[in-house]
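Colleague: With chain E's structure known, arrange chains R, Z, C, X and V on it following the hints.
Here are the chains, one letter per residue:
6 protein chains.
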Amino acid sequence: MLNGFRDIDYSMSRYEKGKEVLEGIQNRTVEEIFKDLEDVAPDLSRFVLEFPYSEIYTRPEVDLKTRELCTVAALTVLGTIPQLKDHISAALNVGNTPTEIVEIIMQMSAYCGFPKAINAMVGAKEVFEEKDLLPLTGD
Amino acid sequence: MLNGFRDIDYSMSRYEKGKEVLEGIQNRTVEEIFKDLEDVAPDLSRFVLEFPYSEIYTRPEVDLKTRELCTVAALTVLGTIPQLKDHISAALNVGNTPTEIVEIIMQMSAYCGFPKAINAMVGAKEVFEEKDLLPLTGD
Amino acid sequence: MLNGFRDIDYSMSRYEKGKEVLEGIQNRTVEEIFKDLEDVAPDLSRFVLEFPYSEIYTRPEVDLKTRELCTVAALTVLGTIPQLKDHISAALNVGNTPTEIVEIIMQMSAYCGFPKAINAMVGAKEVFEEKDLLPLTGD
Amino acid sequence: MLNGFRDIDYSMSRYEKGKEVLEGIQNRTVEEIFKDLEDVAPDLSRFVLEFPYSEIYTRPEVDLKTRELCTVAALTVLGTIPQLKDHISAALNVGNTPTEIVEIIMQMSAYCGFPKAINAMVGAKEVFEEKDLLPLTGD
Amino acid sequence: MLNGFRDIDYSMSRYEKGKEVLEGIQNRTVEEIFKDLEDVAPDLSRFVLEFPYSEIYTRPEVDLKTRELCTVAALTVLGTIPQLKDHISAALNVGNTPTEIVEIIMQMSAYCGFPKAINAMVGAKEVFEEKDLLPLTGD
Amino acid sequence: MLNGFRDIDYSMSRYEKGKEVLEGIQNRTVEEIFKDLEDVAPDLSRFVLEFPYSEIYTRPEVDLKTRELCTVAALTVLGTIPQLKDHISAALNVGNTPTEIVEIIMQMSAYCGFPKAINAMVGAKEVFEEKDLLPLTGD
Chain E
14 MLNGFRDIDY SMSRYEKGKE VLEGIQNRTV EEIFKDLEDV APDLSRFVLE
64 FPYSEIYTRP EVDLKTRELC TVAALTVLGT IPQLKDHISA ALNVGNTPTE
114 IVEIIMQMSA YCGFPKAINA MVGAKEVFEE KDLLPLTGD
Chain R
14 MLNGFRDIDY SMSRYEKGKE VLEGIQNRTV EEIFKDLEDV APDLSRFVLE
64 FPYSEIYTRP EVDLKTRELC TVAALTVLGT IPQLKDHISA ALNVGNTPTE
114 IVEIIMQMSA YCGFPKAINA MVGAKEVFEE KDLLPLTGD
Chain Z
14 MLNGFRDIDY SMSRYEKGKE VLEGIQNRTV EEIFKDLEDV APDLSRFVLE
64 FPYSEIYTRP EVDLKTRELC TVAALTVLGT IPQLKDHISA ALNVGNTPTE
114 IVEIIMQMSA YCGFPKAINA MVGAKEVFEE KDLLPLTGD
Chain C
14 MLNGFRDIDY SMSRYEKGKE VLEGIQNRTV EEIFKDLEDV APDLSRFVLE
64 FPYSEIYTRP EVDLKTRELC TVAALTVLGT IPQLKDHISA ALNVGNTPTE
114 IVEIIMQMSA YCGFPKAINA MVGAKEVFEE KDLLPLTGD
Chain X
14 MLNGFRDIDY SMSRYEKGKE VLEGIQNRTV EEIFKDLEDV APDLSRFVLE
64 FPYSEIYTRP EVDLKTRELC TVAALTVLGT IPQLKDHISA ALNVGNTPTE
114 IVEIIMQMSA YCGFPKAINA MVGAKEVFEE KDLLPLTGD
Chain V
14 MLNGFRDIDY SMSRYEKGKE VLEGIQNRTV EEIFKDLEDV APDLSRFVLE
64 FPYSEIYTRP EVDLKTRELC TVAALTVLGT IPQLKDHISA ALNVGNTPTE
114 IVEIIMQMSA YCGFPKAINA MVGAKEVFEE KDLLPLTGD
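Residue numbers (our numbering), protein chains in the order written: chain E, 14 to 152; chain R, 14 to 152; chain Z, 14 to 152; chain C, 14 to 152; chain X, 14 to 152; chain V, 14 to 152.
Possibly wrong hints are sitting among the right ones.
Using 20 Å as the maximum straight-line C-alpha spacing, the simulated SDA-like pairs for lysine to any residue come out as follows [said to hold, decoys possible]:
id, chain 1, residue 1, chain 2, residue 2
1, R, 48, R, 28
2, R, 78, E, 113
3, X, 144, E, 49
4, X, 48, Z, 149
5, C, 98, V, 132
6, E, 48, E, 98
7, V, 98, C, 57
8, X, 144, E, 98
9, R, 48, C, 40
10, C, 78, Z, 112
11, V, 98, C, 52
12, C, 78, C, 40
13, Z, 48, E, 149
14, E, 48, X, 40
15, V, 78, V, 144
16, C, 48, V, 148
17, E, 48, X, 146
18, R, 98, C, 132
19, Z, 98, X, 95
20, Z, 98, X, 57
21, E, 48, X, 57
22, X, 78, X, 40
23, V, 48, R, 146
24, R, 98, C, 135
25, Z, 78, Z, 48
Everything labelled a hint here was simulated from the structure, so no lab data went into it. None of these values were measured; they are calculated from a predicted model.
One chain only, chain E, in its complex shape:
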């Protein structure tokens, strides 16, 4: 698990740095994370590593815990459930509690309406179930 930024080696190439950050956040290898893209668009996975994970998530002005919670908010509004589930998992891995994630998805109902908030919450439930975190106890 990646605990903030202290494990990041800033001398690495953009690719290597992004790989380290993404693997640290997701607890999976980039090969697993991007296996759907490997035969068709490996450069798209490379861009994901080199741009957001190397150049944005590593900026120290905001910590990873807050960044991932903001991404959960964004993907709830966007409605892309596979990526939302990956980022709910990431949000847990960098220190958010299930309750904090639930709260932010619930808050989104005021900004993107109940249908998208409910669909996101069902996605959260699936992630929590896989990680054996249900029922929530209010942590």
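Modeller: Positioned in the frame of chain E, the structure of chains R, Z, C, X and V alone reads:
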């Protein structure tokens, strides 16, 4: 300014509680905030006070600073600039620095694309200018 | 089935009123409707009951038949199929014919494009099939 | 003003039929309505007349009053304010009251969130002001 | 397969012309393409034939190869995967290479963000797999 | 003006390469293009240069003329008018005719509905007016 939840009187009605939270976050009266709606749909402003500001922003599981930053993320994706500017202002009022807001809008470029991130950043710049916070010094 | 507003007891609490309206519209218990949320975010279901179903659908200025048809239009544009299907079912329950629902989804093709209109129509077909209403006879 | 479908001459060409419907709904000539497009894409205005106004709004299964209210719902979700204002005006012209329009926009807050509902309501207010219909008296 | 516009008989009715274009682009009969709609909204399929396929795709100012690539771009942003897959198939049928399609979806990541670009790429992969085009060799 | 890829010096840094491409496409300096961002988020402009303009638009698999037309399609669907206008201008600069741009925006009406297509066309008209290209003569 509203410093977290300690100033909220939980015995108030939903309307009064939402009014106190929203006015505390925005540093404006609800009459000013909702003057566009008063002749046409006062109940819509009432719902904004009674639902998100009374029942969501007051929940102690996530602090106001983080909630407002997540709302900035969400409104960047949604692309509704007037409300984004109000929440950038609110985000500053509850303790976020301009730099944190800029970082989160920049992060959104990976999730909603550059055009919406740039339009949101121009909105942020207008808020910062009104508050005489430019140029940013990296706080 | 809920025939307009005459069955609503306005002295009930917001929760009870919303529960009665939603159960009347959906012909299902709220426990069934929200079973996906119960372990993870029961308060989100409560907000759905207390805000739109208690405070909007009960307003007598527009009848339930028209409100549900407008919601079908909105969810076709939004593209959230599970909620669209629930509201197509609700629209039938409060007095819309399958043909009226088909007409409004078809009309949406001019506002949100053919792909979303077609996806919504496939959702409508699934609801009509479950209710043994196909083929449509032009009612 | 177009009172439902009885004034439509179904023997006309698609273009003429669409022109009659749109001018009847908007109380303006198509030359005024589409003046922005005339030098650049006259065929786009022709498609608007020939497809939705000739082939959808003329279908008798749903009346114009309900169709326009559903379009107001859709455009609130879509967030395209110029077209929303045209359809709010059209909705009034075919028999909806300002209160019914306000109710449906307010209802949309549950499906597309408060920011889009508020922006739509501000658009409605501008239309009502131009038509000297404010303040609303509950008609 | 439809090679540009030389096979289109412009004396046909709009329906027949649209049918010829769509069947030529998709290598399937319209009965197969629209079988989901036939019991519920045959007029919606008719509109698809008579409006975009008869009146837009047949306009000679832009060739079919470029038009279909632009539609792939649009549907990546819109996020409607079933239609995107149909148009990726169509884009191949009118002369685009898999690599060109991959490039345009990848380009969209800058305009609609990575989640939608990745979901579109997974859709592309499924189409390429069905057509036995993987792994891509850079054609 | 940038005529395809033959003027790109691939030995440059990502920033320099992106700057050359964007300035070539837009016929403006990056200082002008990004002046709104300079006091608030210069790194966001840097990312635009280093990621899409350095790493996507320079890929030789699809030419700039087609890429810019696809971006016009995408931004019509997305509805971000300032960026759409910049890319309509860019699309002209890399060899598209006004008629090709009009055709693609018109085509989008089938995928994102008429309101967004009309708003995009009004944006196109403003760009064509600034460049003294109206009325279109069918080039």
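Colleague: Which hints from the list above does the structure break, by number from lowest to highest?
Modeller: Checked against the structure, the hints that fail are numbers 8, 9, 14, 21, 25, while the rest are satisfied.
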